[in-house]
Amino acid sequence: MKANEIVATPLSPRRGGGDEASQYIDLYASQRELICSGSAPVMNAVRDAAMQQFAAQGFPTLKEERYRYTDVAVAFAPDYGLNLSRVRIPVNPREVFRCDVPNLSTDLVYLVNDQPLLEKPIPYVSSLRQACIDHPDIVAKYYNKCASVIPSLSEKGPGGEVLLNTAFAQDGLFVHVPRGERMNHPLQVINILRSPVDMMVNRRVLIVLEEGAEATILLCDHAMDTVSFLTTQVIEVFCADRSRLDLYELEETHTSCRRFSNLQMTVGSDCVVSHNSITLYNGLTRNTADVALTGERSEITMNGCVVADKNQHVDNNTLIDHIAPSCTSRELYKCVADDEAVSAFAGRILVRKDAQKTSSKETNNNLCATDTARIYTQPMLEIYADDVQCSHGSTVGVLDQQALFYMQQRGIAEAEARLLLKNAFVGQVIEQVRLQPLRDRLHHLIDKRFRGELNKCTGCALCEPHPQPLSEGRGA
Amino acid sequence: MSDKDLNKDKLSGPAQPLSENRNAREERDGNASAETSNDFVRRIAEQKYQFGFTTDVHTEVIDRGLNEDVVRLISQKKGEPDWLLQFRLEAFRYWQSQEQPSWGHLRLPDIDYQDISYYADPTARKADGPKTLDDIDPEVMKTFDKLGIPLEERLALSGTAVDAVMDSVSVKTTFKERLSERGIIFCSISEAVREYPDLVRQYLGSVVPYRDNYFAALNSAVFSDGSFVYIPKNTRCPMELSTYFRINARNTGQFERTLIVCDEGSYVSYLEGCTAPMRDENQLHAAIVEIVVLDNAKVKYSTVQNWYPGDSEGRGGVLNLVTKRGHLRGRNSRLSWTQVETGSAITWKYPSCVLSGDGSQAEFYSVAVTNNHQQADTGTKMIHLGRNTRSTIISKGISAGHSENSYRGLVRVGRHADGARNYSSCDSLLFGNLCGAHTFPYMDVQNPTATAEHEATTSKINEDQLLYCNQRGISTEDAVGLIVNGYAKDVLNKLPMEFAVEAQKLLQVSLEGTVG
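Just so you know, the protein sequences line up as chains R and G, in that order. Numbering-wise, numbering that gives the first Met the number 0 puts 120 at position 121 of the first sequence, and it's gapless, one number per residue. Numbering-wise, numbering that gives the first Met the number 0 puts 380 at position 381 of the second sequence, and it's gapless, one number per residue.
There's no promise every hint is true.
[Stated by the list, open to error] In silico DSS-like cross-links for lysine-lysine, where the CA-CA straight-line distance does not exceed 25 Å:
1. G/232 to G/297
2. G/459 to R/360
3. R/352 to G/232
Bear in mind the hints are in silico, worked out from the structure with no lab data behind them.
Model the full assembly from the supplied sequences, consistent with the hints where possible.
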């Protein structure tokens, strides 16, 4: 790893939000050549503008409505190394990772930090850097364009962490399904964070579905080493008319991982799209999902499930922007917060003036298990059209005492009964998963998570070196 | 009973007030047969804001502008003790260090705080203020007549005590004697500062400190007058207390300050109603209402707000930037806010409750109507600190024309608020596709035994219900009135009788001409 160009500037004392930003600005200024040489022209073309904008606006502060629950600057403050000279980190993913989904035939892609390892060619899938060389026109047409297509994003501009990603991202994944085609198997992307020193990873994913295309994509995040990781991820998704996409994101890292993921999606007409975000184990996670429904009669389902304990912090921030009429959106997020965990959910549904006949439903349910855990929920409706059916509901509560009592009467121990109820609580989200084998696997993982046995699968090296023992799952 | 009969029964209830209105009007016009309900609706819809008149009273207005000297001058004019002057000055210095907030879903115009006069005294000519009804300026009395406040003996029949605030100085307080027999204090806050300094000093700023927000700081620095209510222990206030606020002199902001203290085991119901004359420039209204509820006491606070909303082009109108908060300090104390908001160009108002007494209960019922270019960002805060506290939020928003109507509410459950419960429900109704209806609920829960629920819906007026009414010969305008009143019924039912009637009329008048 010493051979790597681990570039970092010493951390200066914190003054407002400016100093965290300046270490990245300086780094970019000094290493611009290196960053560009490790990437491709299409990606390099937008770097300077992004950095310029970042230098002007810096990191978002807690005073900004969309960032009120996560202090971005603090997460970006430590001194991380970056693998700018693209040194291959020696890793055999098959050796270290075997926790794939049984009974599910998938095409597997390993992403070590941000570099894809394609063992055999998979149709429609390539590394972003390679795609820039093979199909520069297609990448140029879509790369970094989502933010300008989604009106609510272009109004305010992207956040600081997105700009940083655009400035520093050198590689990532590119999925392009041409018109009328469909992927034979679901695509499973296993992101493995691997580094001997504290590391910042900027990963970029670009998914383009042309008219009538179909795809199922599963993105899993894992951390192999116990050092601190900071990942920024920007996923841009373009769904043209009549396309179908199921996108799953699963995070299973450790408590010193910080993840900033931004999903930006535009959906054409007559599409059926689903997005499932599952946070099983993490440190600090901020997931932003912005979806613009630009074509008529499309349907979007967004589900999320969070299990957090210790001092984990999960912040889900979603926006569904109904621009075109007659679209349907369904959103369901569930969260269990234990110990000193913080869970935030802010979902905004925006129905624009012309989006008549919109049907929208947003639900957020939370369980707060201790008096030190904290739950924030903020389901928002912003409606400018009159012929719509919109509703939202959110709850924060405790396990149903009557159900607990009922089960105890029937000889189920209280701890077990609690576990069953918690499983059932988040199970509602898992049930929305369309792939049966994945659904079973997730039920299994969630159950293990609540039992505090997530690190005991012993299937691979990945699960072994957790820095601290996992809690025994309160009440379990 | 058949289904048909059932429906008939449902209809006959709300339809009643409509026909009553019409009858009353027809009698007055002496033209009972000619006027159809459509004509009536059209006439009302075209009607200009009927309370938009200006009373020509001699007013002592100080020069425009705001600085420490103005604060000192206001304090001096009111003959205030030094501690209150210091309170004002501290607030003023804090205000100077702050910026006007911009987080609301509002397009707040730039307010030139130096272009406003901060004090106007309609009774300045009379040295000691009016002593009897005859002492009151006849013009002022006429104003109140036009507003329909029965300040004289008529009051006895309605059983209401009115502390009429015109501009900044309390003109006349009625029924004071009857109230004082029971030890109830109901007077202007300036009088309270003179007569009951200890009480005022103990509670003033204890619920809404001047550091609370920008407009609270401004109010704390320059508040001119307002009402003070103190209900002694174990006393049930025999009548509903009521204040009428009205902005009169041109370009004077109204900065009232209301303080209500309900001592152990007592009960009071307080009404506040607002109308303001027509003006072209925006008028600033930054009030503070503080309510303290002690052990086993209950306070009911009702507002009908009908300030001038600006014309149909969105010119003028009152800026209503108000901080209202109740502190439920005592065990099992109760506080209920009910508001009907139909006026103001901009409403920025969050009547809140801090539930720190164990077992305390708070309620918030609100109907907010916006039409033309009105903007409202209103809601509540329920801050649960004590054990077994409960809160209910029912909010109904109605938006029409080019208006924006937002509900913004916070439910916070602190770490020690075991068994806290909250239920929030906010519905929005949209008329036309040029307006907006928004919901921004915030929940922040830190206790494993607490339950908080929020639900909201947004939809347009139900076509089936309209058709059903039309089929039965009820015109669309009347049907809208019926449906809206039914929609807002949960809230209107919580209003005291006199207000409920007024509110129902207001809703109808505010929305006429929006459908069909």
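Hint check results:
1. G/232 to G/297: Roughly 12 Å between the alpha carbons, so the hint for residue 232 of chain G and residue 297 of chain G holds.
2. G/459 to R/360: Distance of about 16 Å is within 25 Å: holds.
3. R/352 to G/232: With Cα atoms ~55 Å apart, residue 352 of chain R and residue 232 of chain G exceed 25 Å; violated.
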